[in-house]
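From first to last, the protein sequence lines are chains A, B, C, D, E and F.
If you count the first sequence from 1, position 120 lands on 120 in our numbering, and the numbers rise without skipping.
If you count the second sequence from 1, position 168 lands on 168 in our numbering, and the numbers rise without skipping.
If you count the third sequence from 1, position 67 lands on 67 in our numbering, and the numbers rise without skipping.
If you count the fourth sequence from 1, position 98 lands on 98 in our numbering, and the numbers rise without skipping.
If you count the fifth sequence from 1, position 65 lands on 65 in our numbering, and the numbers rise without skipping.
If you count the sixth sequence from 1, position 23 lands on 23 in our numbering, and the numbers rise without skipping.
Where hints are given, some of them may not hold.
Which copy is meant is left open, so a pair is good if it fits within one copy or across any two.
The calculated lysine to aspartate or glutamate pairs, modelled on DMTMM-like cross-linking and capped at a C-alpha distance of 20 Å, are [as the list claims (entries may be wrong)]:
#1 Lys220 - Glu46
#2 Lys220 - Glu153
#3 Lys220 - Asp169
#4 Lys220 - Asp152
#5 Lys220 - Glu66
#6 Lys220 - Asp20
#7 Lys220 - Glu34
#8 Lys220 - Asp154
#9 Lys220 - Glu13
#10 Lys220 - Glu40
I should point out that these hints are in silico values taken from the structure, not numbers from a laboratory.
Protein chains: 6
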Amino acid sequence: MSRLFIINPNSSETVTQGIDHAVTPLRALGVTIECLTLAEGPPGIETQAQADEVVTPLLRLAADLEDDAAGFVIACFGDPGLHALRDRTAKPVLGIQECAVMTALTLGQRFGVIAILPASIPRHLRAFGAMGVTNRLAGDRALGLGVAALADEDATLARMIEVGGLLRDTDGADVLIMGCAGMARFRAPLEHALGMPVVEPCQAATATAIGRIALNQSHKIRDSHAG
Amino acid sequence: MSRLFIINPNSSETVTQGIDHAVTPLRALGVTIECLTLAEGPPGIETQAQADEVVTPLLRLAADLEDDAAGFVIACFGDPGLHALRDRTAKPVLGIQECAVMTALTLGQRFGVIAILPASIPRHLRAFGAMGVTNRLAGDRALGLGVAALADEDATLARMIEVGGLLRDTDGADVLIMGCAGMARFRAPLEHALGMPVVEPCQAATATAIGRIALNQSHKIRDSHAG
Amino acid sequence: MSRLFIINPNSSETVTQGIDHAVTPLRALGVTIECLTLAEGPPGIETQAQADEVVTPLLRLAADLEDDAAGFVIACFGDPGLHALRDRTAKPVLGIQECAVMTALTLGQRFGVIAILPASIPRHLRAFGAMGVTNRLAGDRALGLGVAALADEDATLARMIEVGGLLRDTDGADVLIMGCAGMARFRAPLEHALGMPVVEPCQAATATAIGRIALNQSHKIRDSHAG
Amino acid sequence: MSRLFIINPNSSETVTQGIDHAVTPLRALGVTIECLTLAEGPPGIETQAQADEVVTPLLRLAADLEDDAAGFVIACFGDPGLHALRDRTAKPVLGIQECAVMTALTLGQRFGVIAILPASIPRHLRAFGAMGVTNRLAGDRALGLGVAALADEDATLARMIEVGGLLRDTDGADVLIMGCAGMARFRAPLEHALGMPVVEPCQAATATAIGRIALNQSHKIRDSHAG
Amino acid sequence: MSRLFIINPNSSETVTQGIDHAVTPLRALGVTIECLTLAEGPPGIETQAQADEVVTPLLRLAADLEDDAAGFVIACFGDPGLHALRDRTAKPVLGIQECAVMTALTLGQRFGVIAILPASIPRHLRAFGAMGVTNRLAGDRALGLGVAALADEDATLARMIEVGGLLRDTDGADVLIMGCAGMARFRAPLEHALGMPVVEPCQAATATAIGRIALNQSHKIRDSHAG
Amino acid sequence: MSRLFIINPNSSETVTQGIDHAVTPLRALGVTIECLTLAEGPPGIETQAQADEVVTPLLRLAADLEDDAAGFVIACFGDPGLHALRDRTAKPVLGIQECAVMTALTLGQRFGVIAILPASIPRHLRAFGAMGVTNRLAGDRALGLGVAALADEDATLARMIEVGGLLRDTDGADVLIMGCAGMARFRAPLEHALGMPVVEPCQAATATAIGRIALNQSHKIRDSHAG
């Protein structure tokens with residue numbers, strides 16, 4: 001039976017579990033969702049080089065899954081391999097960054113992004129430029145937390161609220177995007193603390209993918225309507 | 001039991017039936033969908049004045065439905081009352097124009113729009129400008145068919161293929177949006193004739209709304225996470 | 001004798017009187033100006049729903065005035081019914097938001113907007129996007145004053161100077177727009193306090209309309225040159 | 001008595017007479033208008049070098065006129081010296097290119113420009129970019145007529161209609177700007193032949209200037225409200 | 001002695017020789033230039049997947065060269081690995097696509113791109129969007145030639161002139177970019193046939209890199225000024 | 001023997017010496033560079049009027065130099081006469097503002113500009129708009145120092161670091177442009193103090209010009225390939 005594969009391109013099982021938890025509410029829609037960890041990925045993707053380097057093994061994994069796939073979600077904010085995989089398959093392929101942005105654009109007028117690291121921001125800006133949505137961006141600010149602090153949920157949430165507050169009050173955002181995968185547990189408390197919608201990107205992409213599968217809608221017209 | 005209400009703001013039952021047919025594949029996802037006709041609407045919405053004038057009765061209808069609503073889709077390309085209804089409810093509210101664009105942006109790099117009438121194009125351009133996506137627009141071209149011709153399915157499809165071909169070959173579109181509601185039956189033949197993805201906007205918005213409902217994700221944070 | 005009708009789409013006679021006062025200096029140009037209150041409008045237009053809902057009665061009023069009209073100004077920042085009315089008449093139709101922006105673009109390089117309410121800002125941003133002028137926007141900030149404070153002229157001016165100063169110093173604006181109708185009395189003190197030009201939108205639109213009338217210049221070419 | 005000075009920065013009296021004719025309908029508004037020829041200008045301004053070179057004598061002339069000036073219009077499409085003169089005086093200073101664009105933006109959604117020479121187009125594009133309105137530009141096309149043809153009114157009008165038709169039908173313009181000074185006589189026949197509004201830039205700038213004078217509205221706040 | 005390394009990320013020695021020939025005029029500037037072929041690359045880079053997949057070996061090669069490098073040029077239109085390599089080294093790293101665009105922006109107002117394949121165009125558009133220069137793009141058109149035709153120099157040049165003529169006459173380009181590496185021999189004949197400047201991207205990037213080396217100017221400030 | 005002429009359009013020999021010092025590292029590339037002072041220029045160019053007024057003598061000087069010129073750099077941030085001189089000669093003509101921007105765009109994602117005076121900023125914004133790169137601009141902030149303070153190198157550097165820090169931390173710049181000519185001595189200390197690349201515009205333009213000369217690449221195709 002065909003499934004929607006969500007591929008975490010880093011090798012952290014903890015992140016994959018976080019993604020799996022994030023998409024739990026979407027399982028009610030009836031599409032089978034399977035979250036996978038890319039064994040060849042680095043423990044975390046922090047640089048453009050790391051993002052580029054996962055593409056080769058990610059394409060290999062996706063090719064192995066092709067026959068069983070109803071669609072694919074690439075679950076790394078940065079969408080590594082998104083367009084490459086779209087070249088390879090006619091099944092729906094969604095990226096969590098792209099879908100988070102498209103979702104945010106229907107929830108508010110100016111979106112703010114909570115980045116994990118300052119170094120991610122130029123990559124985000126290039127991506128938003130490629131998407132042509134720069135005029136809708138309010139701001140992109142980094143948590144700037146070390147590993148220890150990120151492991152502390154209370155400290156992380158407190159910092160997210162602080163950064164989100166700056167995006168709202170200083171930059172004028174009226175919707176936020178969490179610039180990371182696997183932190184869905186913070187969405188509701190962030191929304192309530194800030195009084196504004198927050199997009200968890202794995203949720204955004206998975207919901208989008210399920211709709212595409214149901215509609216048999218893909219980026220590539222080949223045999224997608226056949227049979 | 002709460003339902004997703006799709007409101008056709010014109011008074012044509014035929015259009016509502018077309019919308020109902022369009023979203024049939026999404027019923028498999030388990031959310032109850034109900035398509036409604038706005039009795040007070042004009043037979044068709046062709047001008048900005050008509051679009052503006054349906055907002056008052058549309059808001060009234062939505063208020064009546066509020067208690068039973070899981071969410072709303074406004075099913076007129078032009079999204080009349082979209083932001084007004086978002087002011088009034090914390091349930092997800094999606095517009096077919098906005099969702100069609102966001103969907104198209106993940107299916108191709110430059111979208112083309114098939115408008116019904118030439119007079120619709122300036123309205124579309126204002127909407128795309130408000131969305132901040134003008135740089136992704138390849139072109140917007142009108143069918144320019146009279147009522148008789150539109151009633152002839154073969155002639156309409158032939159003209160759609162002709163206009164879509166111009167959007168693809170002259171304007172550089174690699175994904176198309178049907179700028180109307182209720183013509184889902186043309187999606188597959190258009191995709192095959194032109195070899196490119198075609199977005200039917202009622203499908204795009206309804207799929208988006210279903211994801212929002214499943215994720216309890218809305219534009220307004222009030223009591224949406226409560227209980 | 002034909003007149004330029006300025007329609008205040010809210011039902012507040014005080015606002016209409018403020019508009020009338022604002023355009024007083026333009027009466028020297030010889031075009032008869034008549035300021036009207038839309039009886040069916042709400043006391044104030046604060047939401048998108050209210051803006052949309054005035055369109056129907058506004059169009060009806062304009063239709064009643066058509067024979068005597070040299071042109072129309074819609075005097076609500078938000079320009080409700082602007083494009084709808086343009087569909088209906090070949091007489092010049094100007095909106096105070098649109099004209100304020102076009103005026104500001106010739107007075108400075110980056111315009112700042114003083115909004116009444118925070119909730120107005122997303123509407124403004126959609127309008128500026130539709131106008132394609134987002135790159136010229138320095139910032140949009142709200143007074144955030146309650147009714148009592150707005151009734152206090154000194155307090156209102158003090159807050160306007162404060163917000164204008166933020167737009168100038170933090171956001172880089174070199175021209176300001178008052179995002180409301182009927183506050184022309186604050187224009188000169190604001191300009192002097194901040195040392196920068198301030199556009200009062202009713203003045204901007206009325207001056208523009210007078211020029212169009214003199215030039216017999218309209219958006220619609222039908223019989224406008226006839227006779 | 002103070003007057004609105006319209007300065008033609010080329011030395012052609014014929015062009016100045018054309019400008020004078022263009023603004024005739026605006027004389028009814030009661031502001032005294034005086035059209036002047038810049039003796040030091042070239043017979044026509046066709047290159048950026050010529051445009052730059054008229055600035056020095058133009059500023060000198062304006063300085064001589066300052067005491068009698070209610071305002072200034074620089075009547076060359078390209079707006080030479082516009083910002084320089086704004087630095088020098090607190091009286092309203094308007095350029096015909098800038099005002100033509102701002103006028104067109106309220107008459108249609110996408111403006112087309114009829115240039116005299118192909119070499120003017122890159123200059124126009126730089127100016128539209130500086131104005132931040134590129135997304136509203138449908139196209140800019142040149143007449144490409146030699147001096148002899150331009151002297152033939154029928155041939156010129158025929159070519160204008162041809163170029164305007166391309167801007168409308170191929171580029172999607174719904175309003176046109178005449179990219180030259182002194183051709184107001186073609187406005188009405190062009191509008192009727194093409195069924196769309198046409199902006200004559202000297203009219204647009206002069207109408208704007210008259211409004212500014214009546215409102216005592218300028219780009220520079222110094223003594224403009226004094227007395 | 002340190003050298004500027006130009007890395008051809010495909011494995012075609014013929015392309016590397018074409019690049020070497022292209023940059024010959026720049027050898028007079030005294031910086032030693034060495035053109036290398038990435039052995040692990042595909043024979044040609046035609047898809048996003050191929051572009052992504054060369055990054056890993058390209059970074060490895062650059063790391064091996066680091067000690068001897070004065071700078072790097074990545075010689076594939078698409079700039080694979082550009083930002084990844086910039087993360088890894090403080091030596092100047094230039095991409096031929098990015099430099100071709102920046103060069104074109106100083107040679108004309110609107111640039112046209114001659115792509116090899118239609119499938120390259122969406123990739124180009126994403127890159128131009130990420131660069132934020134979409135408003136300067138006139139058009140991007142593909143040669144659409146098969147391998148045999150590309151091997152025929154006369155046929156290729158003829159087709160380039162044809163496509164360049166469309167970019168100039170239909171799209172309004174006044175400068176062209178060759179969207180490929182190793183075809184410098186066509187630059188002069190194209191310029192003469194079309195009467196407009198043509199940018200060969202390997203030349204553009206290598207000239208840029210030489211300037212950066214001479215100025216000790218890099219994207220990363222670490223030890224670049226030390227010693 | 002032909003030379004690259006760098007023309008300082010103000011009459012300050014001190015500035016010319018600063019420019020000469022700035023380009024010293026580029027002399028190793030073998031192109032003869034000669035820095036000239038425009039005797040007719042003002043002591044400094046602070047207003048648009050001054051910028052416009054130097055064009056006439058600058059063009060005259062360039063015409064006198066034409067026979068000996070390999071190319072021209074106009075060394076005033078504001079690029080006075082850039083397009084005028086390009087109309088007059090087929091030799092490479094580069095402006096320091098334009099080249100500084102193009103250089104910065106390859107060194108970071110968002111550029112910040114250190115202006116000398118607040119009044120320069122609107123001119124910069126118009127120029128960046130004409131270049132179509134506004135979406136890449138992080139901010140533009142003025143030193144706002146008087147003549148005495150500018151003469152004090154330590155005070156100037158300290159203020160540059162302060163302003164650069166605001167551009168980096170408040171505005172999000174990751175590369176800086178010095179918005180002036182002749183201050184190359186501050187580049188290295190600024191880069192080290194702020195940890196980010198700094199573009200000195202005379203260096204940027206001269207490096208660019210040298211590449212163009214070596215490649216025989218110009219904006220105008222006439223006889224540039226001849227002989």
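Here is what the structure says about each hint:
no.	hint	in the structure
1	Lys220 - Glu46	between (31 Å within a copy, 17 Å between copies)
2	Lys220 - Glu153	neither (41 Å within a copy, 25 Å between copies)
3	Lys220 - Asp169	between (42 Å within a copy, 17 Å between copies)
4	Lys220 - Asp152	neither (43 Å within a copy, 29 Å between copies)
5	Lys220 - Glu66	within (15 Å within a copy, 39 Å between copies)
6	Lys220 - Asp20	neither (28 Å within a copy, 26 Å between copies)
7	Lys220 - Glu34	neither (23 Å within a copy, 31 Å between copies)
8	Lys220 - Asp154	neither (44 Å within a copy, 25 Å between copies)
9	Lys220 - Glu13	neither (32 Å within a copy, 33 Å between copies)
10	Lys220 - Glu40	neither (28 Å within a copy, 29 Å between copies)
In terms of the numbered hints stated before, the structure departs from hints 2, 4, 6, 7, 8, 9, 10, listed from lowest to highest.
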